[in-house]
Every structure is written in C-alpha cells, then in structure tokens.
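Peer 1: For reference, the chains in residue letters:
Protein chains: 2
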Amino acid sequence: MELRELGEFGWIAGIREKFRGVPSGESLGIGDDCAVIPCGDGEALVVTTDMLIEDVHFLRAVIPPYLLGRKSLAVNLSDVASMGAVPIASFLSIALPGDVSAGWADRFTDGYRSLSEEFGVPLLGGDTTSSQDRIAINVTAIGRIARAKVKYRSGARENDIVYVTGYLGDSAQGLLDIRSGVYDSPFIAVHHDPHPCVNEGIWLGNQPEVHAMMDISDGLASDLSHILEESETGAEISIERIPTRTTVELAVTGGEDYQLLLTVGAEAADRIAAEYVRHFGKPLYGIGRIRSGAPDIIWSDNGEVVRPQWKGFRHF
Amino acid sequence: MELRELGEFGWIAGIREKFRGVPSGESLGIGDDCAVIPCGDGEALVVTTDMLIEDVHFLRAVIPPYLLGRKSLAVNLSDVASMGAVPIASFLSIALPGDVSAGWADRFTDGYRSLSEEFGVPLLGGDTTSSQDRIAINVTAIGRIARAKVKYRSGARENDIVYVTGYLGDSAQGLLDIRSGVYDSPFIAVHHDPHPCVNEGIWLGNQPEVHAMMDISDGLASDLSHILEESETGAEISIERIPTRTTVELAVTGGEDYQLLLTVGAEAADRIAAEYVRHFGKPLYGIGRIRSGAPDIIWSDNGEVVRPQWKGFRHF
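Keeping their order, the protein sequence lines are chains A and B. Its first residue numbered 3, the first sequence is counted upward by one per residue in the working numbering. Its first residue numbered 3, the second sequence is counted upward by one per residue in the working numbering.
Just to be clear, a hint being listed does not mean it is correct.
Pairs count within a copy or across copies, as identical chains cannot be separated in the list.
Heads up, simulated SDA-like pairs for lysine to any residue below, C-alpha to C-alpha not over 25 Å straight-line [unchecked claim]: (1) K20 with D129; (2) K151 with A275; (3) K151 with G27; (4) K20 with G105; (5) K20 with R115.
FYI, nobody ran anything at the bench for these hints, they're computed from the structure. Computed from a predicted model, the values in this text were never measured in an experiment.
Using the sequences provided together with the hints, build the complete structure.
Peer 2: Below you can see the structure in the form of structure tokens.
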C-alpha cells in the first residue's frame, strides 16, 4: 500500500496503537497541542515539535528568510500558549542545501531571534546539517506551567461559551493570494508572519474558568471538532459572530491563523471577556456555546440552523 | 558568501553570538550533548534533538527501515545517557515522500518502538508530513536527573583517568564497507544499529567521582577535545590502550560509535572500574589521564610520544 492511501491520520493512528505497550507514566502525550511532563512538586513542562519542509510548507522564492525564521518558531510558541504555559526554551534543527547563501541563513536566524527576543525564549540547542536540495526545519519548544493550570482539549463542559482570540481566514486568504500570484495582498503578511498568542495564552491559563483551549492551526471547524471529541460533547456555533475579514468559508475551514480557541464557564464568561479587553485592548469573540445534546457542531446563521457545504470542510 | 564556505561550525558560532541577547536564566544550552532545564526542587530535565536527512545521513537503499527507526532514536538516547540522565520521553518528526510505502513506514515505526520498549521511553508526540523526494527525520529526546548529578563536558580535573565504555572504530569501518560495496561486513550492523549506553550512563551518572562525560559521536579525538576545551585542560592518551577491532586511525577519528567517554577522579578510578565490571560484565577501558600541563592531547604508543598524521584527524 502506498502511504498516501493510508494517509497521515491513518499512520498516526497506527503509531498510537503501536506505542500502547510503552507506558508514559504520569506524562501525557499525543492528543493535545503539547505533551505534558510533570516535574518537581506541582510543576510541569509542556513540549511541542513541528517540522517545516520546503515546497510542502513554504516556497523559498516567496517567503523572505527573516519571516520563515519567525514563523518556524511562531507555530511552536502558539502550541505552548494554547496549553496556558510560559515558553522557556526552543531547539532549532535545520538542514540546508548547498545553494542556500550564508546571507539567507543569517536572515533566517535574525528572524528566529527576533521572535525569541520578543517573548524572552532562549535557543537552548539544535542541529544543523546539509541536505541535497531542499530546506528542512524542525523546531521543538518547551513551556513551563503549574500542573493544575494546564489547559487541555478535553476540558469543555456543558454551557461553556466558545471564544476565539481574533480574526480567522486571513492566513488562508494570504495563501490563496500567493497561489494566484497576487503578491501585494495584506493577507500574505498574516500568512507569512503569524503572531502567536503567547501573552494571551499565559493570561488565559491563569483563569480557572477557562476549561479547554487549543490553537487554530487546521481551521476552526477541524480544531473545534478536536475539543468536542476529547471533551465528548457538541457545540452550537453562530456563523455571523465569527470574526473575519475574508469569507465565512475561509474563516471556518482555513488554517494557520494561530488564534486561540477556548471554552469558558458560562457564569464567568462575561467577567473574563471584560477583563481580557481591559488587559489586551482587544475583545474575545464569543462565537457559540457547548451543548452536550448537539451532534458535533450545529451551525446557525442569525438564529437559523444551516447545513453548510464548505469546500475543504471535513465531516467529523 | 556560500554557506559551505562559512561552514557548519561558523554558522553555529554565529547563532550563539546572535542569541547572547536572549538570556537563558538557569537553563544551560549549547555546549553539551543536552540542554539542562532545572525544574522543581533539585531536579532537571535534559533535552537533545537530532536531524537525519536522506542521502546525507543515510541511504534508503542500504539501511533497512527497521534499523533506521532504531538509529533515529538511538543517537538521541545516547546524548541523554551521556549527561547521566534517565530517558523519559521522545518526540518524532518525519517527512516522507510519496514513493515511500506504508510497509516501509510501518517497519520504521516498529524499529523505533523496539528501542523505545527496550529502555521504557514513551513517544509523547511529534509531527508527520509529506516531502517532495527525500526523507527527513528529527527526534527530540528528554531525560530526567537530579540537578546535582548532571555530567558536563566541563567537569574534567587534573589527574582524572580517561575511560571509554567500548570498542571504537566499528561504525566507521562499517561505513567504509558500505561505500566499498562490501555488504556482508559485521561492522555494517554496528553502523546501522548502534546501541546507546543508556544503563551505563545512568549508572555512571550516579557516581560523584565521574567528573565529565559525553558520547563519542564525532570520533574520540574530536570529542575528547570538546571535554578538554570546556574543562580548560589537556590529556595524555595511550594509543595502545584504545579498544578497537579495526585500526587505531579509525578508532580515533571515526564517529558514530556512541560509546561513552568519561573522566573519573584518580583516587576512585580503580574502585569504579571494578564495580562497573561487576555490574555490566564488561570493562571500562582506561586510555589515559587528564594533564593540565599538556597542550590539548599528547598521544603515546607504549610509552613513546607520537605525532600521528591521521587522515580526517582535525587539529584543535
């Protein structure tokens, strides 16, 4: 069988099955944005790793190396933030072919450093090597958090309000613009230089009433379904309340916005949303509610239940 | 400037310089086999990451996927062991081109799992993606250890005895055999399936008289020089005492044996070597002594100082 027939999710499921025989003790692995490794008294480290491959995740001719450096770290810091943790270290592995100039490598490193400095995350190690023809990048990021404060996908509860931290669909529109050869689109900047919600994630991590959290990397519909699966519940989402500058379809199905998706206990939701605005000068966007009776996601548009046929929308 | 002119070490030096502005707090980064992240009361996690690229680090047509899976984890467990730590988690990122079969991926995972099971190291996460034409693998491994027990390269002291845990040069001979088309050589098995000294490293980590430790991945001469640089000292090494089944030259300059290299306080050395034999049923090989007067490494052969001109031997 070809691997593409099995698919990525098929292979991952196979890996999970194979590793059932290797107990992970108190550590928690595959299933959330980060693994959680308890250490010391009541503390935990969270760990995430992401690989970026040239011509799969980025085009060398399109993304400036400075922004690629930033993005390589950003997507990992976003995973750390989504657990509520403070990022404390990163590790960078990079394979560079011979036709990459020292200047390219330098600008890549400058970009990586700029985001490291912005959030005070030291680079504690990594690996550099050559490759035949394409760039490969792997970043591992580590965060620290009190064990009791870790936010999991499995925490959503009946009647929780579902929030997102910002506009959705920008990155997907940027990717469409790149593919159409429209290089002066403002959305391309969002696609190339996503801003991880590090401080937002830490602040939200400190609120006990935030029950479940993850970052939106695959698209709202897909990522919300992960929370619902892990929490064994459903949700009602009001399409007209989803913040977007593009289309609802892109906002719901487009990935790589790296906003946070969270659920908050209904009794505390207004207070937390108000404090969030005061703290960050921007709103939390309430887009719906957790409903245990709902089968997966029920979408509504100004009160009318709709059954969208979005392209790229995966059934779950 | 082409990156190859700058060289890997030049770029790494540049990275270290660039990141001086991002303080690492109590964590220790680049310079040892693992970064050390203190957590909790007196505990630390050690973290290492290694990237393997097809046609740079391995040939798909030569190494069986099962062994490649084992080796991908083994080289990282070796780094964890060299700090004296107990490995507690690994993370696997892998990019696979479309012409890799599901069977190949399955055997790779089986190999990775077999070593995970051997040492009880759970797989806590990772990333799977496609690539255009070549396989890229990145593994991050994490170990746990009491902070006071961590073995650094910088710990070697005057008169310490220098030990290695096993035969050197086998892996390099295996690589030569592969390149010569001699596929029935026993050394190829060592090159493809190195055994990380996990239990040896943990045991040695518990001995306070073990002052410095690292694993031999680049070759004895190169790796010992790292200990000497970090410890600001020199060493006398007796060539005739270096354990090898191949040639002294391969034993000294060949990499990827993944034995441990350590220095032990002179007063405790005989006792620790004797206890090691009782515990593991194999000897620690004493090959020389730390000498602060010596400029880097002084090599001797049966008492006569020699100035070897080994090919591939880097001056330092």
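Peer 1: Within a copy, between copies, both or neither: where do K151 and G27 come within 25 Å Cα-Cα?
Peer 2: Close inside one copy (19 Å) and across copies (23 Å); limit 25 Å.
Peer 1: Up to 25 Å between alpha-carbons, please classify K20 paired with G105: within, between, both or neither.
Peer 2: Answer is between; shortest inter-copy Cα gap is 14 Å, intra-copy 43 Å.
Peer 1: Indicate which option fits the pair K20, R115 if close means a Cα-Cα distance not exceeding 25 Å: within, between, both or neither.
Peer 2: between (38 Å within a copy, 7 Å between copies)
Peer 1: Between the shortest in-copy and the shortest cross-copy C-alpha distance, which are at most 25 Å for K151 and A275: within, between, both, or neither?
Peer 2: Classified as within; 19 Å inside a copy, 47 Å across copies.
Peer 1: As a check of your reading, is K20 near D129 (CA-CA no more than 25 Å) within one copy, between copies, both or neither?
Peer 2: Classified as between: cross-chain Cα gap 16 Å, same-chain 28 Å, threshold 25 Å.
The structure is consistent with each of the numbered hints, conforming to all of them.
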